[in-house]
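J.: Next come the chains, spelled out residue by residue.
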Amino acid sequence: MSIRPTTFLMNSARRAFTLVECLVSLVIVAMAAAAASTAISAGIAAQEDALRITLAAACAESRMSQALTTDYGLVPNLAGHEEPGALLASDGTAMPGLMEEMGRRTTVAAEPQAIPGFSGLVLSGWQVTVTVYDLDEDGAERELAVLRRFRPETWEETQGASP
Amino acid sequence: MRRPRAFTLLELMVATVTVTMVAGAVAGFLGTFHRALRLQDVRAAAIVRTAAVQAHVSRLLLESRMVLEQGQQRTLLWLPSEMLEDSGSGSESAFDLINLTADELHWLLFEQEADGSWSLKEAVVNPATIPAGQGDRYFTVDAAYWNSVFEDLRAAGQLTIFPIAEGLAPMARDGVVAAAPQFTYGTTSICTNRSLGVEFAFMRERLDDAGDPTGEEELRLDVRLDEHLPFPDVHPICGGGS
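Heads up: the sequence lines are chains A and B, in that order. With our numbering applied, the first sequence corresponds to residues 1 to 163, in that order. With our numbering applied, the second sequence corresponds to residues 164 to 405, in that order.
Keep in mind the hints are simulated off the structure, nothing from the lab. Incorrect hints may have been included.
Here are the computed distance ranges between Cβ atoms for each label pair [said to hold, decoys possible]: (1) A:A45 - B:D299: 50 to 60 Å; (2) A:L26 - B:L370: 27 to 37 Å; (3) B:A318 - A:D136: 52 to 62 Å; (4) A:F17 - B:E368: 43 to 53 Å; (5) B:D371 - A:A140: 35 to 45 Å; (6) A:A140 - B:S352: 37 to 47 Å; (7) A:D136 - B:D372: 34 to 44 Å; (8) A:G80 - B:D371: 43 to 53 Å.
The beta carbon of each residue, even a glycine, is placed where N, CA and C say it ideally should be.
Isolated chain A (complex conformation) (with noise of 0.2 Å):
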């Protein structure tokens, strides 16, 4: 048995694309180009978002580690809000780039914690909660990072010495 070309294989190859078919083609180029351009631009925004959670969860945890290692009876004096801009360091300093569009909260409030398992056993402590925010476009805010922590009063506290 032969093998012939068909009649359209030889038509085809001597037919140009039309105009139809050169403009679907482009069409589908450019959906395609549209398509990979949304997906990086979501992704560099993904991204951005990232950066500004690691951010703020060193600004929380800068902030509770102060709490942490402040004398007892001095943690309350911490808490209080930070306007984005007015961010500051532990030593006073203005916070860099990202970090000074930031706002914090820090709140502490006394929570005597029972311990399970030892009946009658409390203890007296301060319950920490730091919120790092940014606003967004219409200048909502946006949590970025809370960080919650118990700081109890430890044994040389209660008789009146530093931690």
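Given chain A, put chain B in place with the hints provided.
T.: Showing chain B alone in chain A's frame:
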């Protein structure tokens, strides 16, 4: 049969212009695509390194008794190998002893590399290089003494130095770029200081088509970390109880 017709000059010009425009658009898109991917890599590195530095410094501070040397590019943390109660019930002589072979001294240092970038490194004493009977050092508030300890150990090849984060730059604050990445402290006295600040930046210059730096910043991420000594022991020399 129809005779094939050649392209006219106008058709060729239109085709040439169209192809050029399409090629230009594709090249532009690919360039943007490449820069975006590169920026993503740089950002990802910045996130990971920032978290790594914070975790590392935080862990060291958690285990530290005091900050013995407070330099801008080098700081010395004293990580005791024994609890105060176990070292002679807090007697001054027991508190004084710092054993080089017991992994008690940890330096954090910013050093500039040959390419101009900075690295944050940690240096510890290699105990195998300390001759028997020569591992004892004694507490002092004299910064010059601790500087000489570092320089002597380094010169003698008795330190193991390893990087914590590389590719760093000086931090900028209010548009002013510092001369170098640096450490900051809550107070200037090692007796009363309880905090360590770490200031650095990730900076990547934009590259030209040949891959050479243009001098323009493509990315700058300024980082300020603050860590505190949670359990400081105050030496009797500093007025602490013994």
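J.: All hints, please: hold or fail.
T.: Evaluation of the provided hints:
{"no.": "1", "hint": "A:A45 - B:D299: 50 to 60 Å", "verdict": "holds (56 Å)"}
{"no.": "2", "hint": "A:L26 - B:L370: 27 to 37 Å", "verdict": "holds (31 Å)"}
{"no.": "3", "hint": "B:A318 - A:D136: 52 to 62 Å", "verdict": "holds (54 Å)"}
{"no.": "4", "hint": "A:F17 - B:E368: 43 to 53 Å", "verdict": "holds (45 Å)"}
{"no.": "5", "hint": "B:D371 - A:A140: 35 to 45 Å", "verdict": "holds (40 Å)"}
{"no.": "6", "hint": "A:A140 - B:S352: 37 to 47 Å", "verdict": "holds (44 Å)"}
{"no.": "7", "hint": "A:D136 - B:D372: 34 to 44 Å", "verdict": "holds (36 Å)"}
{"no.": "8", "hint": "A:G80 - B:D371: 43 to 53 Å", "verdict": "holds (48 Å)"}
In the structure shown, no violation is registered for any of the earlier numbered hints.
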